[in-house]
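**Q** Using the sequences and the hints given, assemble the complete structure.
Here the protein sequences come in this chain order: A and B.
Our numbering puts the first sequence at residues 1 to 620.
Our numbering puts the second sequence at residues 621 to 824.
Think of the hints as simulated: they come from the structure by calculation, not from any bench.
One or more hints might be untrue.
Derived DSS-like pairs (lysine-lysine); straight-line CA-CA distance at most 30 Å [stated by the list, open to error]:
| no. | chain 1 | residue 1 | chain 2 | residue 2 |
| --- | --- | --- | --- | --- |
| 1 | A | 238 | B | 680 |
| 2 | B | 681 | A | 289 |
| 3 | B | 765 | B | 712 |
| 4 | A | 152 | B | 680 |
| 5 | B | 623 | A | 358 |
| 6 | B | 712 | A | 358 |
| 7 | A | 223 | A | 152 |
| 8 | B | 681 | A | 263 |
| 9 | A | 289 | A | 263 |
| 10 | A | 556 | B | 812 |
| 11 | B | 623 | A | 261 |
Listed next, with one range per pair, are the computed distances between beta-carbon atoms [stated by the list, open to error]:
| no. | chain 1 | residue 1 | chain 2 | residue 2 | range |
| --- | --- | --- | --- | --- | --- |
| 12 | A | 278 | B | 748 | 56 to 64 Å |
| 13 | A | 327 | B | 652 | 31 to 39 Å |
| 14 | A | 325 | B | 654 | 37 to 45 Å |
| 15 | A | 93 | B | 748 | 29 to 37 Å |
| 16 | A | 352 | B | 740 | 25 to 33 Å |
| 17 | B | 742 | A | 132 | 50 to 58 Å |
| 18 | A | 354 | B | 740 | 27 to 35 Å |
| 19 | A | 123 | B | 652 | 36 to 44 Å |
Ideal placement from N, C-alpha and C gives every residue a C-beta, glycine not left out.
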Amino acid sequence: MKVLEKEGKKVILLGNEAVVRGALESGVTFVSTYPGTPASEIGDTFFQISKNFGIYFEYSTNEKVALEAAAGAALSGLKALVAFKNFGLNVASDSLFPLPYLGVKNLVIVVSDDVNCWSSAQSEQDSRLYSYIANIPMLEPSDPQECKDLTKLAFEISEKFEIPVLLRLTTRVSHTRGLVKLGKIIEGIKKGVFKKDKQKFFNLLPNILKMHEKVLEKMEKIKEFSEKSKANFVLKGKGDFGIIASGVSFNYLMEAMSDLKIKFPVLKLGITNPLPENKIKIFIKGLKKLLILEELEPILEERVKAIAKDCNPRIKIYGKDVVPRVGEINEEIVISAIEKIAGIKFKLNHASLEVYKKRYKEVEIPKRPPLMCAGCPHRATFFATKRAMKELGIEVACGGDIGCYMLGVYPPLEVEDFLVSMGAGEGIIHGISKSTKQKAIAFIGDSTFFHAGIPALINMVFNKSNTLVIILDNRYTSMTGHQPHPGTGITGFGEETKAIKIEDLVKACGIENVKVIDPFNVNEMVLAIKEFLMKDGVCVIIAKRECQLMAVRRKKKEGLKIPKFEVDQSKCNKCGFCLNEFACPAIYEENGEYKINPEVCTGCAVCFQICPVKAIRVRE
Amino acid sequence: MKKLNEFNIVIAGIGGQGVLTLAFILAEAALKQGYDVKTSELHGLAQRGGAVSSHVRFGKKIYSSLVMECEANLIIGLERLETLRACYYSSKENGTAIVFDTFSVVPILVSVFKEKYPSLEETEKILKEFSNKVYPLEATEIAKKEIGNGIYSNILLLGYAFGLGLIPLERKNLEEAIREVIPEKYLNENLKAFDLGIRKAKSS
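**A** Written out as structure tokens, the structure reads:
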């Protein structure tokens, strides 16, 4: 594995893998995570290597638990790393805020923001604000080499100042591959001791306010460190127009200056909290114009403006007036911002290229959104739900949740009415059910159910909801790469463990109407949904069927035959129901005939069951 | 070979076609040739049968992993419609070459909504507005016929692009990269596909 190559070698690593290497070079021995794109590969890499290295690794039930577990390890003297995506930090935030007060050291929290919502995000969140409101130092790498270097620096700061440190990535940093020069892997402490310390851990009045003061004092000291750190550096340039950049924006700036054959003075910030105020003051002193390059919110911009007020009040500072606050930035945006500020038009954007840009917008290219796979059990469940609602002739409010099954919002299924956050489908559907006379269904995946669905389900029982909850149990955290969850029966160490049965959990909440159904049995599923929609109280259907991607992989490994289906053209009446209503990617139309691609078909047999004229049969 | 300041490649296809594999191979080959290199990719849900593209940039010093609009030197398209989508990165002024598989997968929504999927002739006509160097190849068909599986079309196309002189890297570096990236089990077929692609280019 590249991430384990020898010291001194230069290898190509993914940003996320470089974080792993940085942690290994810091002597990490405890890692926890909940999978979430764009941070998933950090956990997945540890999943592959931890056992051989004697590093403890776990997929936790959710991000809050993951952070707490890592904090427990750090309080026991181990070096701990926890990683999750932006929304994971929201879940973990309740436990995040007190950690600096406790003086937790040797704890690095990696959060990856998804600017542009590439990874199924429900909002474009800028997690940097957490760093400022929780008083936790923050480092922001620009490329894989810095991912490694700044992970090490984060551990160094955490140990030296006895405070957790946030390492903030974005999709384009996490998912960029680039050269990384490797250092030495350090063997860390594997078993520590938790030392009781009443003074240190007693975070109640009156102690708590003193602890708060101490955190602020620490941040002042880290500011001095930030002033001297090489992670914040100046690139000399010509003129009185300077640029401050951090994270991925720095890369676009460097490319832009190279293409434009121009060198502006640049201050690159790797430590963005605490900001090196003096370094910024010195940098902007002689400048007349300053551009702040950052994605999403004007966080650096506002802080630098406040700093400039004292030392250079006449400087004109540009930021979100020339760089969009929505979506990613790129080299084109940086060049156009520089053009606007400098009042010049660079030759690069010559008129002829504008012709292409205009023409491209005119070309009609059908979209190809991600799809539920051929034979996906979720598609079968959604199809059955739609049919049940149709047969009952009622409109049902349907709450969606986070996982592959959110693809059920796309046509032609279009079953889910909204997506908010992990577990919110149940929570919101309960509110709708309580406030209307409408029937209501909440869809939730297995991993999401363990993550955040249990309190919401208990709330439904507690507060006498009339709702149907359909738990889509495909045995893994499939969307992010089939990581195991509490129902799978395998730990992050790859060891066997107790598989928690969702049906037992649901019954223990006092729910009596519970059915476990294989979604590939279409009629049984339709009947159960109809029956439960007519009942009062909370009903639960567990649509249980292994993710088809994993099932096919497993069957191939075991040498089992996967049946294929085909359309009997002599029986087919060309109604198109299979394609237009079920929309399995294996089904296609060619010259008016509906066909099944045997290379794509995975033999789920659902189309066979739903064809109105029974024209689908097993391929011999 | 003279060292280039930068070379920009966009690989476009559908999740599962081996877009990322091509990106890895090109990146490792560029590293072997002494270049700095960056690639960009998207993971997670985006890969479930959806449109996928990866950028590979190499040169003396590379900061950004993204190719700018109109600035690609080479586009490798593993599917017809996705090649069309990638012409965003193409322009005649920058001499973009487009090597693509004529193979097509009609998106399900095209069928459901009766949208128009462009024909091969239409696709080529549009691509030629963006590039003077358009090279279609029935890569999936050839791979099926001559190697036994269409899945090798990505490496076949890589060989084709190399054979046409469109990749400024040495053959031995590309082959070594293939050996590193492709699992042992599938290596022979992939090396065969690469060689077949080169031969197709020489005979075209």
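**Q** Which constraints among the numbered hints does this structure fail? Numbers only, ascending.
**A** The structure breaks hints 3, 5 and 15; every other hint is satisfied.
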